[in-house]
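Trainee: So the protein lines, in turn, are chains X and B. Heads up, the first sequence is in this note's numbering, so the first residue is 1 and it goes up one at a time. Heads up, the second sequence is in this note's numbering, so the first residue is 1001 and it goes up one at a time.
Note that these hints are calculated values from the structure, not bench results. Being a predicted model, the structure only gives us computed values, none of them experimental. From the three backbone atoms N, C-alpha and C, an ideal C-beta is built for every residue, glycine too. Any given hint could turn out to be false.
Per the computed footprint, the stretches of chain X lying under chain B, defined by three or more beta-carbons under 8 Å from a beta-carbon of chain B, are [said to hold, decoys possible]:
{"no.": "1", "region": "70–81"}
{"no.": "2", "region": "141–147"}
{"no.": "3", "region": "215–227"}
{"no.": "4", "region": "238–247"}
{"no.": "5", "region": "290–303"}
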Amino acid sequence: MDSSEPSPSGDPDDRPAVPAQRSDQDAYLRVHDLRVRFDTEDGVVRAVDGVSFAVERGRTLGIVGESGSGKSVTSLAILGLHDPKRTTITGEISVGGRQVVGLPDEEVRRLRGRDMAMIFQDPLSALHPYYTVGRQIAEAYRVHHPKANRREARQRAVDMLDRVGIPQPARRFDQYPHEFSGGMRQRAMIAMSLVNDPALLIADEPTTALDVTVQAQILDLLADLQAEFHSAIILITHDLGVVGQVADDVLVMYGGRAVERGSVEQVLRAPQHPYTWGLLSSVPSLHGDADADLLPIPGNPPSLINLPPGCAFHPRCRYADRAGSRSRTEVPELRAAGADGHLVACHLSAEERAAFYAEDVASVGVAR
Amino acid sequence: MTDEPLLRVRGLTKHFPVRQGLRATGLVRAVDGLDFDVRPGETLGLVGESGCGKTTTGRMLVRLLEPTSGSIEFDGRDITHAGRRELRPLRQELQIIFQDPYASLNPRHTVGRIVAMPLQVNGIKPPGGIKARVQELLELVGLNPEHYNRYPHEFSGGQRQRIGIARALALRPKLIVADEPVSALDVSIQAQVVNLLRNLQRELGLAFVFIAHDLAVIRHFSQRVAVMYLGRIVEIGDRADIYERPQHPYTRALLSAIPDVTQLGPAGRIRLTGDVPTPLDPPSGCRFRTRCWKAQDICATEEPALVPRDGGRQATACHFPEVAAPIFEEVPS
C-alpha cells in the first residue's frame, strides 16, 4: 500500500512541531504531535495526523469536528482503547505525568477508570443489559479498590447515583438498564465514570442522543460535577452551541488535523479558519434573520484514506485560490493567529482572513 | 395562496395496543387528538421531543399508518380511510422524505431507477421520456444528472438525502411531509439540504409538513409552527409568535434549553426536571403538568383546550399561559 503513503508535504514527521501553550507544562493531560494510523485493505488511514493540546484540571476542552475528523479516534487513543495490532500510535500522551503511548496494556488499564474515564454517546450499548445498573457501578469501583467489600462498594454506587440526580438511588441500584429512561441511563453512565474520582473525563457526544431539555440537565450536571471534583474534561461534539455553553477552550479538527485552537471566546467570537466560519454560518440560530439562507460549506467531508493534498479543506474552501498553489501542495502549520494562545492552520495571511471574515461571514449576520 | 387549507386535520388520533400474549393490556396514546391546517405553499413545522408523536403524525398524514380516529382532508377530499385504489392518485400529490438516507434507498437499485420508480408505479410517461425527467430531477436537487447509473452506496449522506428528495418530487406533489430530513447529516451538510428544500419550496410553491426536534432548523424553514408534547399540540402559531412570544411553559422551556452558538457560557435558562412521562399512562389533565413549574390543582383535573388567544392565529393549551414579556428581549450581538 505504498502508493497511498507519500504525502505532498514530504515526510509528515518532518513537519515543525506545534507551538506549545504556556499552560502545557502543568496541564493534567498533555497530547503532543499525536498520530494514529490504521492499516486497512484500502490503504493507510491517517485518522489523527499530528494533533497537540493540553487540558488543565478544572477546565473543559471542546473538540469539534464532523464525521471522520478524528475527534473520537483522539479520545480513544488517550484512553488506550485502540487495538495495537491494527493501529500505529506515535507522539506523546501524558496523563498526570505518565506517558500513555507505548505503556503496557496492564498499566493503561490501571489508569483507565481511576485516573481517566469516558462517557459514551449511547448509554444503552455502554451498559451491560444483563447486570443491574448498581452492580456495574459497584464493580467499576471494586476494580480499583480491591480492599473495598461488597457493602462499601454498594454504598459508594448508591451515593454516586444520588449525586448524579437519580431519584430513589437505593431502589434504582437493583434495576436493569432497560428500566431506565434515556436521560437516566446517561446519568447512570456518568455515575459509573465518576465512581473512582477520575481527574480526566472524556465525554464523546454525551448528549447527542438526548432530547434538548434532558441535554440541558446533563450539561448542567457535568458542570456541577466538574466544580466539585475539579476534573479536566474533554467534550467531543459536533454541536457548536454545546461547546459555547460548557467549554473553556476549543479545538477544531478537520481531516485528522487541528485547524484551529483557542479559548471559546476566540474560536466562536473571532474565528480564524474558513472551516470554522463555515461551521458557524451553516448552523441555524434562534436569533438573526430566519428568512436568510444559511451559508453551507460546499462539498463533503473528505475521506481519510484519500485526503486532499495540501490543506485538507482546500476543495471546500471559498478562499483556497487566494492562497495560491500552496493550498494544494503544502499542509499549513498551526501557528499563532493574533490573540494570545489562538492558533490557526491556514495559508491566508492574518490581514486576508480579517478582510474575508468581515466581508463574507460577519456581514451575513449569521455568525457572531 | 388561498385561505382554503390544502390539508385539514381534525381530532387525529393514533393509539397502539400493547399486547402481552393475546390479551391487550394497554394503549400507547402516541397521538391524541390533533387539529391543524396547512395551506397551499405553506410550511408547518412540527416540533417536539422523542415520544411526542410527531413521526407517527407524519406517517398518518401520508397514510403509512391508519389513524385510530379523527379525519384528514387533503385538497377537499377526506382521505382518512381511503383504500389502496383511492390512495393511488393521492400519492402523487402527497409525498414523504425520510430521516435516514441510508435505510430509505434500495441499495440494489440505481439512482435512476429509484427516482423513476414513482413515475413507473403510477404509469406516468413524461413528455421527453422517463430518463430525461429523472435527469431533470437530479439536476433540480443539485446532483450530477450523469450519475443516473450509480448506486446509493456511491453517494455521501447528504447526496443520498438529495436522491430521496428527487424521488419525492418526481410526481410534482403539492405537499411533502419531511420527517427529520437533516438530523442524520453532518452540520455542514445540513445547511445544504435546508437551503435546497427552501429553494424548492419557493420555486415550486410546495407545502411542507416539516417534522424535527431541532427548533432552530424549524425556525429557518417554517411559517407556522406546532409544538407537540406527549401526543398533543400544546401550542401552535406563526413563527414569530412561537419564537418571540411563546405562551406555553413547555415552548419556553424548550427554547431556553437549546444551546445557541450566539450565547457563550451558561445562560439563565428554564430547567425542566425529569423526563417525558410514558404515553402508556399519560398524566391526567394537562400532560405537561408533571414537569411544569406553574402547575396548580386545576392542571391535574382539567385538560386545557388548544384555544386561540386574542382572536389571533396563535393557540395555546394551557391554564396559565405566559402572556407577559417576549422571551428574548434583546438579541446579543
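Trainee: Could you tell me which of the numbered hints above are not met by this structure, giving the numbers in increasing order?
Mentor: 1 and 2
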